[in-house]
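Take the given structure of chain L and dock chain U to it, following the hints.
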Amino acid sequence: MSHPAIPRRAMLAGLGLSGLGLAAALPAWAAGTIKLPLPGGPDLRDLTTAFPGKGPMILQRTRPPLLETPFEVFDQGVFTPNDRFYVRWHWASIPTEVDANAYRLTVRGHVDRELSLSLDELARLPRFEIAAVNQCSGNSRGLFEPRVPGAQWANGSMGNARWTGVRLKDVLDRAGVKAGAVQVRFSGLDEPVVDEAPDFKKSLDLDHARDGEVMLAYAMNGEQLPLLNGFPLRLVVPGWYSTYWVKMLSDIEVLDKPDDQYWMKTAYRIPDVPGANIKPGQTGFKTVPINRMVPRSFVTNLRDGAQATAGSPVAVRGIAFGGDCGVRTVEISADGGATWSLGKLGADEGPYSFRRFEGDLPALAAGTHAIKVRCTNTNGLAQPMERVWNGAGFMQNGVETVSLHVA
Amino acid sequence: MVTSRTAFLLAALALASAPTFAAEAAEPMRFTSQQVELPTSDRFFPEGPGAEAANNNCLACHSAGMVLTQPKLSKAQWSETVNKMVHVYKAPMDEADVNAIVDYLAAMKPQP
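Residue numbers (my numbering), protein chains in the order written: chain L, 531 to 937; chain U, 13 to 124.
Think of the hints as simulated: they come from the structure by calculation, not from any bench. Since this is a predicted model, take the numbers as computed values, not measurements. Hints should not be assumed to be uniformly reliable.
[As the list claims (entries may be wrong)] Partial list, derived from the structure: chain U residues whose beta carbon lies under 10 angstroms from chain L:
{"#": "1", "residue": "39"}
{"#": "2", "residue": "40"}
{"#": "3", "residue": "42"}
{"#": "4", "residue": "93"}
[Unchecked claim] Here chain U is said to cover these stretches of chain L; the calculated rule only asks that three of the stretch's residues, wherever they fall, bring their Cβ under 8 angstroms from a Cβ of chain U:
{"#": "5", "stretch": "563 to 576"}
{"#": "6", "stretch": "846 to 854"}
Each residue gets a CB set at the ideal place from its N, CA and C atoms; glycine is no exception.
Bound-form chain L, shown alone:
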């Protein structure tokens, strides 16, 4: 792939300035539109089927792609199909061709032996598999109030897959980490359009990188990864936000001092307070790199504003995840959180997976009822009743509410 420095004149010419008048028209490839529950709007998005390896997705941005999973997909099971799994890229120079034979993963830096591993070599290492939720740091950002700038996701920049590959620890052990190493930095094949812009790289502390769970995945849900989800190799960091799950992973660098480049030192920082939750306008807090996920739960079979019949029980079904550990309980309330009943948990696919829950609401009287669900994880951390707020729109995990109209 070539990476021309700034091809804007050529590109504009190629697109044809005569297209200016068509800006508002529905693109030919759009598969309809969808309204997202974004307070104050704009809330209309195209549904697109134009992206390789993807079924209908919510188009948040074409280039570089931001594709959101339509929420009804989460009602279909705890594993998100690869062709509906959300997509998020930082830079627009994404290789559109990846040769599986030529691909090499480099391991270098503070190691005894530099490695250059082919996919076949990786596939011969001991296999490791784990079910884990991949969630964008900014999932639900569009639902923040007051609103904040950034990708205006509803709740669909998350997904759960069974990841297959090799433990990062096994790869690092082959390279031989030298004494004095402190962090491990990861980078993929994508590049900024402007050469001088900071290439996307993320780092983990060495102990975390070697914990036996952080892995390099060459398959998701039993198949090789869609290119847009990071083919052929993606870092998987169970329990941590997706910003660390570097796609098209090509370079692993063992560092002997903490990573101070932009994507760790400046971007993806959260207020160092519980739940990253502050008041709008609040200042004077320290920040730290975003890290472990927090518990969440969602009703998947009832949309906000759903109708039900008075005097009949209403079945509620949904998904929950504990964040950085398993789900202990999911509670369901039909009265805005005054009283709660325990949901019944579905099959346990491991501590980092989505987990199904279900329950029956009591027969309700006519009127509007606020249905709430609340997950408590196995560390005892419960979702907060109030919505989380911070200026970057990260780590939302407030209790979700669905209003149900009973008549």
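Leaving out everything else, chain U in the frame of chain L:
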């Protein structure tokens, strides 16, 4: 560590209980090279003072969709974003264009 051992056991159980995968596990994964075409966007910034500067500068690195679907943001918020594009993401922009784009975006009335 208890958690990692549990996770490994769960993974092993998953392997044992999924016949299709168990069969696959016998031999290493095989990979198929990928070649795709990514769609392009023909969306431009709607006409208005500064639209030309926005079209000439912003679209080199990203399409317009995400910009046009931002909530109503203040001039200070747009200034911060545009200046991040220049100073951190190194977009080569004239100072006049920076100001024109900030004004354009701040005046934008987000449509549904």
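Query raised in the report: What are the numbers of the hints the structure violates, in ascending order?
Result: 6
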